[in-house]
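J.: Sequence:
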Amino acid sequence: MKFQVVFISLLSFASVSLATTVAVVVSDMNNLKAGVTTLASHVKAFPDTGGKLADALAIHTQAAGLVSPIKQATADLKGVPTPISEADGKTLLVALGALASSVVDCSNALIAKHAAVAALPVGGIPALVKGDLGDLKGATTPFENEFLSVIPAIQKPDAVKTTTQVDNAFKAALAAYT
1 MKFQVVFISL
11 LSFASVSLAT
21 TVAVVVSDMN
31 NLKAGVTTLA
41 SHVKAFPDTG
51 GKLADALAIH
61 TQAAGLVSPI
71 KQATADLKGV
81 PTPISEADGK
91 TLLVALGALA
101 SSVVDCSNAL
111 IAKHAAVAAL
121 PVGGIPALVK
131 GDLGDLKGAT
141 TPFENEFLSV
151 IPAIQKPDAV
161 KTTTQVDNAF
171 KAALAAYT
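Residue numbering for the sequence shown follows full-length UniProt numbering, beginning at 1 and increasing consecutively.
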């Protein structure tokens with residue numbers, strides 16, 4: 001009998017300690033926004049002519065470095081106890097909107113710099129960018145799906161609208177590098 005009580009207590013503690021708060025997810029999203037903003041800055045700084053391979057590789061490194069934090073944000077979203085309140089949903093939507101805005105900005109910058117990237121004397125850089133975009137999109141889709149599963153039903157239309165903006169930004173950038 002004592003064993004059962006101790007075991008149940010340990011299970012309860014374990015499930016509580018594995019839960020993630022909305023604040024943790026918002027922090028993840030804010031960190032992602034900062035990373036995407038930095039990536040967009042690197043892309044915008046890439047010269048229209050005379051670009052250097054090192055600068056293109058720095059963009060690649062920055063982009064590749066975002067995949068793991070996206071996956072962590074997805075894992076943290078999975079740990080959020082549901083249902084969440086509409087207030088928490090609003091907090092998440094605001095963070096998602098800010099992140100989406102940065103993704104759209106970065107996508108537009110990548111599209112604008114396609115010719116400069118393609119003009120590098122070393123071939124294969126556009127394919128590298130396309131691969132990075134594919135990896136980022138591949139990590140983003142599970143994040144979006146988890147986000148939509150956590151957000152309150154009344155707020156889903158706004159969340160879908162925002163995730164669609166992100167999806168369209170990826171599609172446009174991928175099309176430019178195809």
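No wet-lab data here; the hints were simulated from the structure. Glycine included, every Cβ here is placed at the ideal spot set by N, Cα and C. Careful, some of the hints might be misleading.
[Unchecked claim] Below, in silico cross-link-like pairs of lysine to aspartate or glutamate (EDC-like), each with a Cα-Cα straight-line distance of 16 angstroms or less:
{"id": "1", "residue 1": "90", "residue 2": "105"}
{"id": "2", "residue 1": "171", "residue 2": "105"}
{"id": "3", "residue 1": "33", "residue 2": "105"}
{"id": "4", "residue 1": "156", "residue 2": "55"}
{"id": "5", "residue 1": "156", "residue 2": "146"}
{"id": "6", "residue 1": "71", "residue 2": "146"}
{"id": "7", "residue 1": "130", "residue 2": "88"}
{"id": "8", "residue 1": "78", "residue 2": "88"}
{"id": "9", "residue 1": "71", "residue 2": "135"}
{"id": "10", "residue 1": "90", "residue 2": "158"}
{"id": "11", "residue 1": "161", "residue 2": "144"}
{"id": "12", "residue 1": "156", "residue 2": "105"}
{"id": "13", "residue 1": "71", "residue 2": "144"}
{"id": "14", "residue 1": "171", "residue 2": "135"}
{"id": "15", "residue 1": "33", "residue 2": "144"}
{"id": "16", "residue 1": "78", "residue 2": "158"}
{"id": "17", "residue 1": "78", "residue 2": "144"}
{"id": "18", "residue 1": "171", "residue 2": "158"}
{"id": "19", "residue 1": "44", "residue 2": "105"}
{"id": "20", "residue 1": "137", "residue 2": "88"}
[As the list claims (entries may be wrong)] Here are the computed distance ranges between Cβ atoms for each label pair:
{"id": "21", "residue 1": "157", "residue 2": "49", "range": "39 to 47 angstroms"}
{"id": "22", "residue 1": "49", "residue 2": "85", "range": "47 to 55 angstroms"}
{"id": "23", "residue 1": "90", "residue 2": "145", "range": "30 to 38 angstroms"}
{"id": "24", "residue 1": "118", "residue 2": "81", "range": "46 to 54 angstroms"}
{"id": "25", "residue 1": "67", "residue 2": "172", "range": "25 to 33 angstroms"}
{"id": "26", "residue 1": "38", "residue 2": "121", "range": "33 to 41 angstroms"}
{"id": "27", "residue 1": "178", "residue 2": "82", "range": "35 to 43 angstroms"}
{"id": "28", "residue 1": "156", "residue 2": "118", "range": "34 to 42 angstroms"}
{"id": "29", "residue 1": "87", "residue 2": "149", "range": "15 to 23 angstroms"}
{"id": "30", "residue 1": "154", "residue 2": "38", "range": "28 to 36 angstroms"}
{"id": "31", "residue 1": "157", "residue 2": "31", "range": "21 to 29 angstroms"}
{"id": "32", "residue 1": "27", "residue 2": "167", "range": "46 to 54 angstroms"}
J.: Now tell me, hint by hint, if it's right for this structure.
T.: Hint check results:
Of the pairs offered as hints, the one joining residue 90 and residue 105 is violated, with about 23 angstroms between alpha carbons and a cut-off of 16 angstroms exceeded. For the hint linking residue 171 to residue 105, the alpha-carbon distance of about 14 angstroms falls within 16 angstroms, and the restraint holds. As the CA atoms of residue 33 and residue 105 are separated by approximately 11 angstroms, the hinted pair is consistent with the 16 angstroms bound. Distance check on the hinted pair: residue 156 and residue 55 sit about 39 angstroms apart at the alpha-carbon level, beyond 16 angstroms; violated.
About 12 angstroms separates the Cα atoms of residue 156 and residue 146, which keeps this hinted pair within 16 angstroms; it holds. With a CA separation close to 11 angstroms, the supplied pair residue 71 and residue 146 stays within the 16 angstroms bound. With a C-alpha separation of about 35 angstroms, the suggested pair residue 130 and residue 88 falls outside the 16 angstroms cut-off, and the hint is violated. Annotation: proposed proximity of residue 78 to residue 88 holds, straight-line Cα distance about 15 angstroms (limit 16 angstroms).
Simply put, residue 71 and residue 135 have alpha-carbon atoms about 11 angstroms apart, close enough for the 16 angstroms limit, and the pair holds. Restraint check: the Cα-Cα separation between residue 90 and residue 158 comes to about 10 angstroms, which is no more than 16 angstroms; the hinted pair holds. At roughly 11 angstroms between alpha-carbon atoms, residue 161 and residue 144 fall within 16 angstroms of each other, so this suggested pair holds. In summary, the hint linking residue 156 to residue 105 is not supported, as the alpha carbons are separated by about 23 angstroms, beyond the 16 angstroms threshold.
The straight-line distance between the Cα atoms of residue 71 and residue 144 is roughly 11 angstroms, inside the 16 angstroms bound, and the hint therefore holds. At roughly 13 angstroms between alpha-carbon atoms, residue 171 and residue 135 fall within 16 angstroms of each other, so this suggested pair holds. Restraint check for residue 33 and residue 144: satisfied, since their Cα atoms lie roughly 15 angstroms apart, inside the 16 angstroms limit. A threshold of 16 angstroms between alpha carbons decides the hint, and for residue 78 with residue 158 the separation of about 20 angstroms lies outside it, so the pair is violated.
Restraint check for residue 78 and residue 144: satisfied, since their Cα atoms lie roughly 11 angstroms apart, inside the 16 angstroms limit. Taking the CA atoms of residue 171 and residue 158, the gap is about 20 angstroms. The hint is violated against a cut of 16 angstroms. For the hint linking residue 44 to residue 105, the alpha-carbon distance of about 10 angstroms falls within 16 angstroms, and the restraint holds. Taking the CA atoms of residue 137 and residue 88, the gap is near 25 angstroms; set against the 16 angstroms cutoff, the hint is violated.
One distance hint, 39 to 47 angstroms for the beta-carbon pair residue 157 and residue 49, holds here, with the actual separation near 44 angstroms. Distance hint check: the CB atoms of residue 49 and residue 85 are about 52 angstroms apart, consistent with the given range 47 to 55 angstroms. Here the CB-CB span from residue 90 to residue 145 is close to 20 angstroms, at odds with the stated 30 to 38 angstroms. Judged by the Cβ atoms, the range 46 to 54 angstroms given for residue 118 and residue 81 holds: they are separated by roughly 48 angstroms.
Separated by about 20 angstroms at the C-beta atoms, residue 67 and residue 172 break the suggested range of 25 to 33 angstroms. Take residue 38 and residue 121: their Cβ atoms lie about 26 angstroms apart, and the range 33 to 41 angstroms is violated. For the pair residue 178 and residue 82, the beta carbons lie near 38 angstroms from each other, so the given range of 35 to 43 angstroms is met. Between residue 156 and residue 118, the C-beta spacing of about 39 angstroms keeps the proposed range 34 to 42 angstroms intact.
In this structure the hint that residue 87 and residue 149 lie 15 to 23 angstroms apart at CB holds, the actual value being about 18 angstroms. The hinted range of 28 to 36 angstroms is satisfied by residue 154 and residue 38, whose Cβ atoms lie roughly 34 angstroms apart. Here the CB-CB span from residue 157 to residue 31 is close to 27 angstroms, well matched to the stated 21 to 29 angstroms. Restraint check, residue 27 to residue 167: a C-beta distance of roughly 24 angstroms breaks the suggested window 46 to 54 angstroms.
Of the hints listed earlier, those the structure fails to meet are numbers 1, 4, 7, 12, 16, 18, 20, 23, 25, 26, 32, in rising order.
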